[in-house]
Amino acid sequence: MNIIEVSHLIKEYKKIKKESGLRGAVKNLFVQKSETVRAVDDISFAIEKGNIVGYIGPNGAGKSTTVKMLSGILQPTSGEILVNGISPQRDRKRVVQNLGVVFGQRSQLNWDLRLGETFELLKRIYQIEDKTYKDNLGMLNEIFQIDCFIDTPVRQLSLGQRMRGDLVAAMLHSPDVLFLDEPTIGLDVEAKYSVRKFIKEINQRSQTTIILTTHDLGDIQELCQRVIIINEGKIIEDGSLDELIDKIAPYRHLIIDFYQSTTVPHPHAELISVNEARSVYRFRKDQITAARLIEDISHTAPIKEVGLEEAKIDDIIRTVYQQGNVAEP
Amino acid sequence: MKPYIFISKLRIQTALAYRFNVISTILIQCLVMYAMSCFWIAAYNGTETVSGVNQRDMITYTTISVIMGNLLTMGVQDRIARSVRSGSVALDLLKPVSIYGIYLAEDLGDCAAAFFQKAIPLLLVGTVIFGFPAPASFVHFLLFLFSFAIGYLINWILAALLGLCAFKTLRLGPLANAKGFIMKLLSGSIFPLWFFPAGFRRVLELLPFMNIYQLPLGIYIGQYTMDEILLRTGLQLFWCAVLWLLFDILQKKMSAVILIQGG
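Line by line, the protein sequences give chains G and B. What the first sequence shows, in the working numbering, is residues 1 to 329, in sequence order. What the second sequence shows, in the working numbering, is residues 1001 to 1263, in sequence order.
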């Protein structure tokens, strides 16, 4: 069952062109030139219930704009969105009742209040039953250990604590859908780890559908069954991470240390560097297996050490971004 | 209703935490009250009545006006402008409640806090210096309360209307200043409208501003006959409804063109 359906979504806005300098400033007072920018350009996708989907793209690609339209804050120029069968544009309140959203760069927690008071407020805003509220808070606390700072004023929390508070706040009303906009931004390794663990647990325990936008590809690798890559407002890739890797970077690197300097070519692998006793081969996964390659080579020269390198996810994503740029004239 | 009441409660709680702010406001407001009263004493200079109002009533008018000024402090216009500018309006829109309901609840919470922190101390100080500013009668006092409540709503809607401009302009700056100035002058908060020339006064009485200060205060000191009170309260309710409709239409229009700043 598709919990989110998006078809032919377009968002345009007018950008006023300002001329620079004093002369430009005076000119701007009288004539304003504006141009129409397409932040989101004919996007369609559907997301199944219980999935974690990574929604990634370079800065300014239109990720946040899409998320904002999905949550009913922004009106699309054209196109249709359905979340749980309801259009967020027509019935914002009903959609957000079933939605949790966390913006990594923005906190929904009130600076002047203790963390627990913000939760109390949310309990009333979403009209959560006493029992459900207690159960949810208990479960979230089990994953996240927020008990130790629940009575601290929000302004005194560390970034990691604040982010944990924000995630709990977004999950209190047990929403079916959770949008996370860069939830690990600026966090240290430990906090990042615990946020990822939280996302995984939430997804497994309550079958929450999660859309995650991030620049941290570690998040994607660990969490997402599916990635949608967007650049300049258009979807350029949509599929599982493995598929993407096979498509963009179907080759691996095999590093072999021999006992002495030697050069051993192989018909199915390209020898990309030879440095004294170390040789690096590049081969396609679908042409030959690493085991076979090692075996073949060891017939010619004795091997001391072997290392295997997967294509790096960062490189793959960068390749995809660049392809997107080339396609645009 | 529950979330809104809880928001008001939290606002009162927060306001009570800032003590320095309260003390400095009271000191300044006492000074304003004192200066204004001295001004009226000097202006009357022993004259019995001016436009049917005697000196005692005028000092009552001023004292209550200063107290009302502290209760009628509206956060909504800056709140909208700030949220739009910083983009945090997005977070408000993500809740299954009306954002303007939240803003109103916040202002009402502030008003309740100001009642205990500012209105009561100012009333005490005023009583000590000039004697208790008594209403014309108990009935007049009840009518004053009703009129004040409607005036509060009108004032709030006007502030919210100005706040909506922020969706287009991002900042209010001079607009907010101009509104503050016009309000002070035309609402009767400093000078009652009966001191203005007849023609000008008639124009002002048709505008919504006088319903915020002048009408409740006039009722309080017994300046109006019962018939006049009924008529003017009707007009006040009419203005409140018209402004509310205007606000509702504009607010819907604005939500269609809303732009979220940053990220």
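No lab work stands behind these hints, which were simulated from the structure alone. Please read all numbers here as calculations on a predicted model, not as lab measurements. Among the hints, a few may not be true.
Claimed, not checked - Some, not all, of what chain G presents toward chain B, calculated at C-beta under 10 Å:
| # | residue |
| --- | --- |
| 1 | Glu-120 |
| 2 | Ile-146 |
| 3 | Arg-278 |
As the list claims (entries may be wrong) - From the structure, some residues in chain B lie toward chain G, with a derived Cβ separation under 10 Å:
| # | residue |
| --- | --- |
| 4 | Asn-1045 |
| 5 | Leu-1091 |
| 6 | Ile-1102 |
Unchecked claim - To be clear about the criterion: a stretch of chain B counts as covered by chain G if any three or more of its residues have a C-beta under 8 Å from a C-beta of chain G, and this derived list gives those stretches:
| # | stretch |
| --- | --- |
| 7 | 1083-1090 |
| 8 | 1220-1227 |
| 9 | 1241-1251 |
Where is the CB? At the ideal position from N, CA and C, for every residue including glycine.
A quick look at each hint next to the structure:
The beta carbon of Glu-120 of chain G is positioned within 10 Å of a beta carbon in chain B (closest approach about 7 Å), and the interface hint is therefore held. Interface hint status for Ile-146 of chain G: violated, as the beta-carbon distance to the closest one in chain B is roughly 20 Å, over 10 Å. Among the interface hints, the one on Arg-278 of chain G is violated; its C-beta lies about 45 Å from the nearest C-beta in chain B, farther than the 10 Å criterion. For Asn-1045 of chain B, the suggested interface contact is broken, since its CB lies about 49 Å from the closest CB of chain G, more than 10 Å.
Taking 10 Å as the C-beta contact cut-off toward chain G, the hint placing Leu-1091 of chain B at the interface holds, the least distance being around 5 Å. Given hint, Ile-1102 of chain B at the interface with chain G, holds; its Cβ is 9 Å from that chain's nearest Cβ, closer than 10 Å. A stretch counts as covered by a chain when three or more of its residues have a beta carbon under 8 Å from one of that chain; for the stretch 1083-1090 of chain B and chain G the count is 3, and the coverage holds. A count of 0 residues in the stretch 1220-1227 of chain B with a Cβ less than 8 Å from any Cβ of chain G is obtained; the coverage claim is therefore unmet, three being the minimum.
Three residues within the 8 Å Cβ limit are the bar, and the stretch 1241-1251 of chain B against chain G gives 0, so the coverage statement is violated.
Comparing the model with each earlier hint shows violations of hints 2, 3, 4, 8, 9; every other hint is respected.
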